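Visitor: Residues per chain, in single letters:
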Amino acid sequence: EAGVAQSPRYKIIEKRQSVAFWCNPISGHATLYWYQQILGQGPKLLIQFQNNGVVDDSQLPKDRFSAERLKGVDSTLKIQPAKLEDSAVYLCASSFGTGDNQPQHFGDGTRLSIL
Amino acid sequence: GQNIDQPTEMTATEGAIVQINCTYQTSGFNGLFWYQQHAGEAPTFLSYNVLDGLEEKGRFSSFLSRSKGYSYLLLKELQMKDSASYLCAPAAGANNLFFGTGTRLTVIP
Numbered sequence: 001e002a003g004v005a006q007s008p009r010y011k012i013i014e015k016r017q018s019v020a021f022w023c024n025p026i027s028g029h030a031t032l033y034w035y036q037q038i039l040g041q042g043p044k045l046l047i048q049f050q051n052n053g054v055v056d057d058s059q060l061p062k063d064r065f066s067a068e069r070l071k072g073v074d075s076t077l078k079i080q081p082a083k084l085e086d087s088a089v090y091l092c093a094s095s096f097g098t099g100d101n102q103p104q105h106f107g108d109g110t111r112l113s114i115l
Numbered sequence: 116g117q118n119i120d121q122p123t124e125m126t127a128t129e130g131a132i133v134q135i136n137c138t139y140q141t142s143g144f145n146g147l148f149w150y151q152q153h154a155g156e157a158p159t160f161l162s163y164n165v166l167d168g169l170e171e172k173g174r175f176s177s178f179l180s181r182s183k184g185y186s187y188l189l190l191k192e193l194q195m196k197d198s199a200s201y202l203c204a205p206a207a208g209a210n211n212l213f214f215g216t217g218t219r220l221t222v223i224p
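For the protein sequence lines, the chains are G and P, in the order given.
No gaps in the numbering here: position 84 of the first sequence is 84 in the numbering used here, and each next residue is one more.
No gaps in the numbering here: position 54 of the second sequence is 169 in the numbering used here, and each next residue is one more.
Source of the hints: derived by calculation from the structure; they are not laboratory data.
These numbers were taken from a predicted model, which means no experiment stands behind them.
Virtual Cβ for every residue (Gly too), placed ideally from N, Cα, C.
Certain hints may be false.
As the list claims (entries may be wrong) - Some chain G residues close to chain P (C-beta under 7 Å, calculated; not the full set):
#	residue
1	Q41
2	G53
3	V55
4	N101
5	Q102
6	P103
7	F106
Let the sequences and hints guide you as you build the complete structure.
Guide: So, in structure tokens, the structure goes:
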């Protein structure tokens with residue numbers, strides 16, 4: 001079974017520029033998550049999708065971050081404009097559903113550096 | 116609100132047993148996950164507990180006490196490859212996970 005695919009693997013931009021990340025979940029997984037992991041911390045949920053609908057985006061800084069999953073499969077996360085504090089690894093995860101004991105499977109992440 | 120407490124770092128010897136503790140306070144509780152994360156890699160699923168008690172899976176076991184808001188991960192017969200961060204993540208709502216900062220385990224020869 002293919003895992004969660006993310007691209008790019010690394011990205012370096014200057015502050016105030018825009019950046020987008022792409023995620024392809026495990027086939028058949030209805031639920032998709034985007035996390036931000038700052039160095040030395042655990043992952044923090046940014047947004048959760050169930051198919052193409054948003055389940056939780058309470059921790060997404062909506063003034064600069066946006067995400068979509070238009071066809072209920074692939075997803076993109078965008079930051080516009082980027083700030084220095086956005087330097088982090090952005091992890092995408094997917095699970096079969098939102099029921100109890102559904103483990104989330106993570107991609108390798110995109111490491112974002114803001115200069 | 117959510118609060119998760121784990122030791123920041125631990126060191127143990129190859130072949131030994133180590134216990135990583137986690138205490139948590141969450142609004143709503145649907146079970147607790149443990150993940151392993153090697154440096155520069157994605158977290159990988161280790162275990163899930165929803166009922167009180169011990170779940171054993173090979174060299175790894177996980178324990179949960181819901182009334183005490185407490186869990187631990189037990190690693191037996193430690194190997195060098197077990198050097199990693201171990202993340203405690205209680206679940207709430209629709210499979211929302213709240214991750215602690217993780218415990219960085221170093222296994223020494």
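Visitor: Hint by hint, note whether the structure agrees.
Guide: Consistency of the hints with the structure:
1. Q41: OK, holds: Q41(G) within 7 Å of chain P, min 5 Å.
2. G53: violated, 11 Å
3. V55: holds, 5 Å
4. N101: OK, holds: N101(G) within 7 Å of chain P, min 5 Å.
5. Q102: OK, holds: Q102(G) within 7 Å of chain P, min 6 Å.
6. P103: holds, 4 Å
7. F106: With Cβ-Cβ at 4 Å, under 7 Å, it holds.
Hint 2 from the list above is the single one not met by this structure.
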